[in-house]
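A.B. asks: Letter by letter, the chains look like this.
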Amino acid sequence: MFAYIIRRILATIPVMAVVAIFVFALLYLSPGDPAAIIAGDTATVEDIARIRAHLGLDEPVYIQFGTWVWRLLHGDLGISIFTNLPVIKLIEQRLEPTVALTISTLIVSVLAAIPMGVLAAWKAGSWIDRVVMVFAVLGFSVPVFVLAYILIYVFAIAADLLPVQGYVSITSGLWPFLSHLILPSAALGMVYAALIARITRASMLDVLAQDYIRTAQAKGLSSEQVLIGHALKNAAVPIVTIIGIGIALLISGVVVTETVFAIPGLGRLTVDAILRRDYPIIQGIILIFSASYVLINLLVDLSYTLIDPRIRY
Amino acid sequence: MAVIQNELALPVAPARPNPVWRYVRRHPTIIIGGVLLLLMIAMALFAPWLGTTDPQALSPIKRLKWPSAEYWFGTDMLGRDVYSRTIYGARVSLTVGISVALFSTALGLAIGVVTGFTRWVDSIVMRIMDGLMSIPPVLIAIALMALTRASLQNVVFAITVAEVPRVTRLVRGVVLTLREQPYVEAAVASGTGFTRTLWRHIVPNTLPPLLVQGTFIAASAMITEAILSFIGAGTPPNIPSWGNIMAEGRSLFQVAYYIVLFPGIMLSLAVLGINLLGDGLRDALDPRLARRL
Numbered sequence: 001m002f003a004y005i006i007r008r009i010l011a012t013i014p015v016m017a018v019v020a021i022f023v024f025a026l027l028y029l030s031p032g033d034p035a036a037i038i039a040g041d042t043a044t045v046e047d048i049a050r051i052r053a054h055l056g057l058d059e060p061v062y063i064q065f066g067t068w069v070w071r072l073l074h075g076d077l078g079i080s081i082f083t084n085l086p087v088i089k090l091i092e093q094r095l096e097p098t099v100a101l102t103i104s105t106l107i108v109s110v111l112a113a114i115p116m117g118v119l120a121a122w123k124a125g126s127w128i129d130r131v132v133m134v135f136a137v138l139g140f141s142v143p144v145f146v147l148a149y150i151l152i153y154v155f156a157i158a159a160d161l162l163p164v165q166g167y168v169s170i171t172s173g174l175w176p177f178l179s180h181l182i183l184p185s186a187a188l189g190m191v192y193a194a195l196i197a198r199i200t201r202a203s204m205l206d207v208l209a210q211d212y213i214r215t216a217q218a219k220g221l222s223s224e225q226v227l228i229g230h231a232l233k234n235a236a237v238p239i240v241t242i243i244g245i246g247i248a249l250l251i252s253g254v255v256v257t258e259t260v261f262a263i264p265g266l267g268r269l270t271v272d273a274i275l276r277r278d279y280p281i282i283q284g285i286i287l288i289f290s291a292s293y294v295l296i297n298l299l300v301d302l303s304y305t306l307i308d309p310r311i312r313y
Numbered sequence: 001m002a003v004i005q006n007e008l009a010l011p012v013a014p015a016r017p018n019p020v021w022r023y024v025r026r027h028p029t030i031i032i033g034g035v036l037l038l039l040m041i042a043m044a045l046f047a048p049w050l051g052t053t054d055p056q057a058l059s060p061i062k063r064l065k066w067p068s069a070e071y072w073f074g075t076d077m078l079g080r081d082v083y084s085r086t087i088y089g090a091r092v093s094l095t096v097g098i099s100v101a102l103f104s105t106a107l108g109l110a111i112g113v114v115t116g117f118t119r120w121v122d123s124i125v126m127r128i129m130d131g132l133m134s135i136p137p138v139l140i141a142i143a144l145m146a147l148t149r150a151s152l153q154n155v156v157f158a159i160t161v162a163e164v165p166r167v168t169r170l171v172r173g174v175v176l177t178l179r180e181q182p183y184v185e186a187a188v189a190s191g192t193g194f195t196r197t198l199w200r201h202i203v204p205n206t207l208p209p210l211l212v213q214g215t216f217i218a219a220s221a222m223i224t225e226a227i228l229s230f231i232g233a234g235t236p237p238n239i240p241s242w243g244n245i246m247a248e249g250r251s252l253f254q255v256a257y258y259i260v261l262f263p264g265i266m267l268s269l270a271v272l273g274i275n276l277l278g279d280g281l282r283d284a285l286d287p288r289l290a291r292r293l
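Residue numbers (our numbering), protein chains in the order written: chain A, 1 to 313; chain B, 1 to 293.
If you are wondering where the hints come from, they were derived from the structure by calculation, not from laboratory data. Please note: incorrect hints may appear among the correct ones.
Cβ pair distances, simulated, as ranges [to be verified]:
no.: 1; chain 1: A; residue 1: Arg8; chain 2: B; residue 2: Trp199; range: 34 to 40 Å
no.: 2; chain 1: B; residue 1: Ala110; chain 2: A; residue 2: Ser223; range: 33 to 39 Å
no.: 3; chain 1: B; residue 1: Leu176; chain 2: A; residue 2: Gly173; range: 53 to 59 Å
no.: 4; chain 1: A; residue 1: Gly229; chain 2: B; residue 2: Ala110; range: 46 to 52 Å
no.: 5; chain 1: B; residue 1: Leu102; chain 2: A; residue 2: Gly173; range: 50 to 56 Å
no.: 6; chain 1: B; residue 1: Phe46; chain 2: A; residue 2: Ile5; range: 57 to 63 Å
no.: 7; chain 1: B; residue 1: Asn205; chain 2: A; residue 2: Leu85; range: 42 to 48 Å
no.: 8; chain 1: B; residue 1: Tyr183; chain 2: A; residue 2: Thr305; range: 37 to 43 Å
no.: 9; chain 1: A; residue 1: Gly229; chain 2: B; residue 2: Leu38; range: 47 to 53 Å
no.: 10; chain 1: B; residue 1: Phe46; chain 2: A; residue 2: Gly229; range: 57 to 63 Å
no.: 11; chain 1: A; residue 1: Leu10; chain 2: B; residue 2: Asn205; range: 31 to 37 Å
no.: 12; chain 1: A; residue 1: Leu138; chain 2: B; residue 2: Trp199; range: 55 to 61 Å
Glycine residues also receive a C-beta, built at the ideal position from the N, C-alpha and C atoms.
Chain A extracted, bound-state conformation (with noise of 0.2 Å):
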């Protein structure tokens, strides 16, 4: 088990080389001088030379590919032209809106999805099923932004229970705080608790048809005993790792969602480096969420090990 790991965490080290070499790659895959594109249309040829001299481009590729590198192993993410700061000073400032609101979707929707999950399997072709299934489809069907406006008009503006936009940080006081977060969360965890329903109910439906669940039921346990204990535990694997592939849904969602509620965290970041053309912050933000997304389906597939001890590899 102890090689697994060790193997595992090894496997990372490639995928997030291609990130590195996708990102840096980027600016010379694209048409054109990649100082004019960003410096705009209205820029003039200083603005355009300068450009060239932030980003290197001035150099032979392979000495920037190598300073690049040597940097972001060190931590530093580059300068932000517009704002002349560190990227990685801005991507801290607008880190905490983001992982609360990933956070909160994350237990939300995971509390949410399993129970349904799971009644729909137990039920399975009744009216549970049914609703379950339907909101399944309809959570994937629904884009994130067009959930977030309806259930602004209901709940923050017709109704008035919550606050349309913003967000408030823990220290303000909890109920600020999680109140800021109830719609937004919804709104972003809509997908994603649609994704882990779906994979709980098949996945469920394969366990409880096997000879175990029989043998559970007839040697007298609950049915509480029987769900929880002998089919859930054996359905975790395939409910674990969608619940860590899923997170790409979230990180997709964050950019529109912090958008719709004007939540100032990475997303708008992200937003706002696009209308401005701020390449350098594009790319820290893209290493950013792939380095989370990878640490966090490493951790993912350890806990394999943990959930089932059958596995060993």
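Once you've looked at the hints, dock chain B against the given chain A.
C.D. replies: Then chain B, alone, in the frame of chain A:
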């Protein structure tokens, strides 16, 4: 003609339900999804004849009019007709969805077949694909759009690049299992050439899963396009797309929510139609999975 057919049909076969009807009953989602999608395509094609006006026509006096008999979906802050813009917006969404689905499945099929057959290419290409798959697709598209000028072609290109790794992985997986199948081994053993094996035995078998995957890609590409346009990195402002219209209505949401609502409903319906079609196709093509998902 009818008389002859009637005579030929004798003796009357035992009453069997019409096969088309049976198919519909067994896979209702294909029909519902297909009809929704066809309606959307018809709406996009016949946009000029659906009571629309010029979607770009400004009329500052008539701005921010609520939905009425004259302006079915109201007008935006520049006095443009939201109904016309929404109907024309279907063109952008569907063009992006369908082109991305076609291009990314074609590219993924080509790369996946090569990697599935050549070991040294496989180890290199799949490492690259693993890396690309760890970047959320929307971020890949955002990064590419930040470096190119806003245009429909660039949006299609950016989303295609983001979707190719998943298709490649799917095709490669299918090719790897097919390669071990006795009938493929038999074909190779009996001297069938490589190209012939490929076209007769491998490629046709990758098509059913690709068809299913393709519909889901179309749906997610439409959402990605709307996201890109919504955050200002998608189709240029002079082409009305659902994401654009919603982006323009964003700051006015509290006074004129209808600007965001109508394109949002259209986008959801279009994506729902394609997703239902995909679900139905998957159930129809893979009965083993049908009972479960």
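A.B. asks: Hint by hint, note whether the structure agrees.
C.D. replies: Okay, the hints, checked on the actual structure:
1. A:Arg8 to B:Trp199: 34 to 40 Å: At roughly 39 Å between Cβ atoms, Trp199 of chain B and Arg8 of chain A fall inside 34 to 40 Å, so the hint holds.
2. B:Ala110 to A:Ser223: 33 to 39 Å: Once the Cβ atoms are compared, 51 Å apart, the range 33 to 39 Å for Ser223 of chain A and Ala110 of chain B is violated.
3. B:Leu176 to A:Gly173: 53 to 59 Å: holds, 56 Å
4. A:Gly229 to B:Ala110: 46 to 52 Å: At roughly 48 Å between Cβ atoms, Ala110 of chain B and Gly229 of chain A fall inside 46 to 52 Å, so the hint holds.
5. B:Leu102 to A:Gly173: 50 to 56 Å: holds, 52 Å
6. B:Phe46 to A:Ile5: 57 to 63 Å: Since the Cβ atoms of Phe46 of chain B and Ile5 of chain A sit about 60 Å apart, the hinted range of 57 to 63 Å holds.
7. B:Asn205 to A:Leu85: 42 to 48 Å: violated, 54 Å
8. B:Tyr183 to A:Thr305: 37 to 43 Å: holds, 39 Å
9. A:Gly229 to B:Leu38: 47 to 53 Å: holds, 48 Å
10. B:Phe46 to A:Gly229: 57 to 63 Å: holds, 58 Å
11. A:Leu10 to B:Asn205: 31 to 37 Å: With a Cβ separation near 35 Å, Leu10 of chain A and Asn205 of chain B satisfy 31 to 37 Å, so the hint holds.
12. A:Leu138 to B:Trp199: 55 to 61 Å: Since Leu138 of chain A and Trp199 of chain B have Cβ atoms about 40 Å apart, the given range 55 to 61 Å is violated.
Hints 2, 7, 12, counting from the list given before, are not met by this structure.
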